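Respectively, the protein sequence lines represent chains A and B. Under the numbering used here, residues 484 to 716 are what the first sequence spells out, in order. Under the numbering used here, residues 53 to 324 are what the second sequence spells out, in order.
Derived from the structure by calculation, the hints contain no laboratory data. Mixed in with the good hints there might be a few duds.
Below, simulated BS3-like cross-link-like pairs (lysine-lysine); rule was C-alpha separation at most 27 Å, straight line [stated by the list, open to error]:
1) A:Lys536 <-> A:Lys596
2) B:Lys269 <-> B:Lys185
3) A:Lys550 <-> A:Lys592
4) A:Lys704 <-> A:Lys603
5) B:Lys185 <-> A:Lys594
6) A:Lys603 <-> A:Lys499
7) A:Lys490 <-> A:Lys603
8) A:Lys699 <-> A:Lys635
9) B:Lys227 <-> A:Lys585
10) A:Lys585 <-> B:Lys185
11) A:Lys603 <-> A:Lys635
12) B:Lys269 <-> A:Lys598
13) A:Lys704 <-> A:Lys490
14) A:Lys536 <-> A:Lys603
15) B:Lys85 <-> B:Lys297
16) A:Lys592 <-> B:Lys269
17) B:Lys320 <-> B:Lys85
18) A:Lys636 <-> B:Lys85
19) B:Lys227 <-> A:Lys536
20) A:Lys636 <-> A:Lys598
21) A:Lys585 <-> A:Lys596
22) A:Lys585 <-> A:Lys499
23) B:Lys297 <-> B:Lys185
24) A:Lys499 <-> B:Lys297
25) A:Lys550 <-> B:Lys185
26) A:Lys592 <-> A:Lys603
27) A:Lys499 <-> A:Lys536
28) B:Lys320 <-> B:Lys269
29) B:Lys227 <-> A:Lys635
30) A:Lys603 <-> B:Lys227
31) A:Lys636 <-> A:Lys704
32) B:Lys297 <-> A:Lys596
33) A:Lys550 <-> A:Lys598
34) A:Lys536 <-> A:Lys592
35) B:Lys297 <-> A:Lys536
36) A:Lys598 <-> A:Lys536
With the Cβ distance kept under 7 Å, some of the chain A side facing chain B (calculated, not the full set) [said to hold, decoys possible]:
37) Leu532
38) Gly546
39) Gly548
40) Leu549
If you're wondering where the values come from, they're calculated on a predicted model, not measured in any experiment. Glycine residues also receive a C-beta, built at the ideal position from the N, C-alpha and C atoms.
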Amino acid sequence: MALIECKNVSLGYEGKPVVSHLDFTVNQGDYLCIIGENGSGKTTLMKALLGQKNLLNGSIEFGDGLKQSDIGYLPQQTPVQKDFPASVKEIVYSGCLNSLGKRPFYSSKQKEKAKSVMEKLGIIDLSTCCYRELSGGQQQRVLLARALCASKKLLVLDEPVAGLDPRITQNLYHLIRHINEDGLTIIMVSHDIQAAADYASHILHVSRTPLFFGAKNDYLKSDVFREFGGGVK
Amino acid sequence: MSIFSYSFVQNAMIAGILISLCSALLGVTLVLKRYSMIGDGLSHVAFGAMAIAAVLGFAPMAVTLPVTIAAAVILLGITDNSKIKGDAAIAMISVGALAVGYLLLNLFSPSANVSSDVCSSLFGSSSILTLTKGDVIICTVLAAAVILVFVFLYHRIFSVTFDEAFANATGTNAKAYNMLIAVITAIVIVLAMNLVGALLISALIIFPALSAMRIFKSFTSVIISAAVISVVCAVGGIFASVLLKTPVGSTIVAANIIVFAVFTVISKIKSR
Ligand SMILES: Nc1ncnc2c1ncn2[C@@H]1O[C@H](COP(=O)(O)OP(=O)(O)OP(=O)(O)O)[C@@H](O)[C@H]1O
Ligand SMILES: [Mg+2]
Chain A
484 MALIECKNVS LGYEGKPVVS HLDFTVNQGD YLCIIGENGS GKTTLMKALL GQKNLLNGSI
544 EFGDGLKQSD IGYLPQQTPV QKDFPASVKE IVYSGCLNSL GKRPFYSSKQ KEKAKSVMEK
604 LGIIDLSTCC YRELSGGQQQ RVLLARALCA SKKLLVLDEP VAGLDPRITQ NLYHLIRHIN
664 EDGLTIIMVS HDIQAAADYA SHILHVSRTP LFFGAKNDYL KSDVFREFGG GVK
Chain B
53 MSIFSYSFVQ NAMIAGILIS LCSALLGVTL VLKRYSMIGD GLSHVAFGAM AIAAVLGFAP
113 MAVTLPVTIA AAVILLGITD NSKIKGDAAI AMISVGALAV GYLLLNLFSP SANVSSDVCS
173 SLFGSSSILT LTKGDVIICT VLAAAVILVF VFLYHRIFSV TFDEAFANAT GTNAKAYNML
233 IAVITAIVIV LAMNLVGALL ISALIIFPAL SAMRIFKSFT SVIISAAVIS VVCAVGGIFA
293 SVLLKTPVGS TIVAANIIVF AVFTVISKIK SR
């Protein structure tokens, strides 16, 4: 069975649909990019996948033994309060919470994992810094590290590169590809059709209804791509 | 001869240390979750409940504890439901409880001196120094329970406080933890009413957290320093009040204000 199977899904708030008739599947090892204009319902779809109740119709099923606690999540924007006292280390560790089970404290194995993730993302030197005093790009990498600590099978990213400079953006895309090659399934929301075309294995293009779902190479040949992504190669 | 040799001072010290420790631990979470107003509202509800207990002739805790816990659950439900204006609802419940409590005491009070009773339950004038052994035992048990819950759920409480959406998305039941925090708040408030009185409880919860946040920058260091500040202020305040014959509650709060002022100045100097 597929990791995630969405059948005729309609999503919305207070009974008003935002996006309807979504049909798609995500398999183990896929790299799915979700694209679409502002307000088309991408974040809404992410939230539905993460089990927040805005499903109006249809069904979202987890297969392959996927559990809520196997999923790592990078929210679109985390409006953390200006004065929240938290060190980078504390935030990254909190990603390991879902593998804590009934134990009260993190094991040394979990701390090791958090450290290696921080090393990979180049934030190990910041580990005792105060989160609120970091730059936007550094904060984004801290939250990505937290998401990576939480993901055992699936990593869900909502516009991970928003606000990052081009070099860090490319870094991040490479990194996510490596993570994907290591076997983690990725679902990423992005406005960057170029990057989606370069990195993803599958594309879901949403508007009020899904415009396209399928493998990347088919997407590049589709009318939808020609219309929206016409500018890029 | 040391004032510690009096058993009423020893009892007050034990209860004071435990209560101030609990309120500081909780205070950091409440302030960061923007729940300070819930704490304030609950303290007024606790006063109303105490008035009912006095009128009916029950032991205060037997009424205040369940009523305050129920109010905590309701208030949390109101703030989580974005459709209702949370702050107005809290203000309504809180002044309502205050008014009804005072009214009941005036109408039905068994005691001859209503206004001094009211004054001592609002400002805790001397009740901490009149604690019995039984009071101290109840206090110790409840405080120990609060501290244990806090230590064992520490990482979960951090996650739910820092980013509820992430905690929820990755399989932590944030709602349940919010509920737990509200129940603990209710317990701490009922305990703290003995120490400083209903109107001054919020100070005990908020000041140590705010002082610690002036200087410390990680969650752990803020929690630990808030606990230390709170205990030091409570011990110092009880001491001072016995020596200077001032009311215990307001002396403790005054100590907290001084620490807050000092920490604010230090943080201003450091950031220069
Ligand atoms: N909590 C909410 N309550 C009601 N309506 C909402 C809520 N959140 C989003 N919406 C509506 O749902 C629609 C889709 O929002 P969504 O956040 O999913 O868009 P998006 O595709 O992620 O856009 P963007 O590219 O700007 O991030 C929008 O029209 C928005 O107004
Ligand atoms: Mg979005």
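Going through the hints against the structure:
1. A:Lys536 <-> A:Lys596: 31 Å, violated
2. B:Lys269 <-> B:Lys185: 40 Å, violated
3. A:Lys550 <-> A:Lys592: It holds: about 21 Å lies between the C-alpha atoms, which stays within 27 Å.
4. A:Lys704 <-> A:Lys603: 35 Å, violated
5. B:Lys185 <-> A:Lys594: 45 Å, violated
6. A:Lys603 <-> A:Lys499: Not OK: lysine 603 (chain A) and lysine 499 (chain A) at ~42 Å, beyond 27 Å, violated.
7. A:Lys490 <-> A:Lys603: Status violated; Cα separation ~37 Å.
8. A:Lys699 <-> A:Lys635: 25 Å, holds
9. B:Lys227 <-> A:Lys585: Judged against 27 Å, a Cα distance of about 18 Å means the pair holds.
10. A:Lys585 <-> B:Lys185: 36 Å, violated
11. A:Lys603 <-> A:Lys635: At roughly 17 Å apart (the allowed maximum being 27 Å), lysine 635 (chain A) and lysine 603 (chain A) satisfy the hint.
12. B:Lys269 <-> A:Lys598: 20 Å, holds
13. A:Lys704 <-> A:Lys490: With Cα atoms ~25 Å apart, lysine 704 (chain A) and lysine 490 (chain A) stay inside 27 Å; holds.
14. A:Lys536 <-> A:Lys603: Cα-Cα ~34 Å, so violated.
15. B:Lys85 <-> B:Lys297: 37 Å, violated
16. A:Lys592 <-> B:Lys269: Holds: lysine 592 (chain A) and lysine 269 (chain B) sit about 26 Å apart, inside 27 Å.
17. B:Lys320 <-> B:Lys85: Holds, at roughly 25 Å.
18. A:Lys636 <-> B:Lys85: It is violated: about 31 Å lies between the C-alpha atoms, which goes past 27 Å.
19. B:Lys227 <-> A:Lys536: 14 Å, holds
20. A:Lys636 <-> A:Lys598: 19 Å, holds
21. A:Lys585 <-> A:Lys596: Status holds; Cα separation ~19 Å.
22. A:Lys585 <-> A:Lys499: 39 Å, violated
23. B:Lys297 <-> B:Lys185: At roughly 23 Å apart (the allowed maximum being 27 Å), lysine 185 (chain B) and lysine 297 (chain B) satisfy the hint.
24. A:Lys499 <-> B:Lys297: 65 Å, violated
25. A:Lys550 <-> B:Lys185: Distance of about 51 Å is beyond 27 Å: violated.
26. A:Lys592 <-> A:Lys603: Within the cut-off at roughly 17 Å; holds.
27. A:Lys499 <-> A:Lys536: The hint holds at about 13 Å.
28. B:Lys320 <-> B:Lys269: 15 Å, holds
29. B:Lys227 <-> A:Lys635: 24 Å, holds
30. A:Lys603 <-> B:Lys227: Answer violated: lysine 603 (chain A) to lysine 227 (chain B) is near 33 Å, above 27 Å.
31. A:Lys636 <-> A:Lys704: 30 Å, violated
32. B:Lys297 <-> A:Lys596: This hinted pair is violated, its Cα atoms lying about 57 Å apart.
33. A:Lys550 <-> A:Lys598: 24 Å, holds
34. A:Lys536 <-> A:Lys592: Answer violated: lysine 536 (chain A) to lysine 592 (chain A) is near 34 Å, above 27 Å.
35. B:Lys297 <-> A:Lys536: Judged against 27 Å, a Cα distance of about 58 Å means the pair is violated.
36. A:Lys598 <-> A:Lys536: 34 Å, violated
37. Leu532: 9 Å, violated
38. Gly546: At 17 Å from the nearest chain B Cβ, glycine 546 (chain A) fails the 7 Å test, so the hint is violated.
39. Gly548: For glycine 548 (chain A), the interface hint is violated, since the closest Cβ of chain B sits about 14 Å away, which is over 7 Å.
40. Leu549: The hint is violated - leucine 549 (chain A) has no Cβ within 7 Å of chain B, the shortest such distance being about 11 Å.
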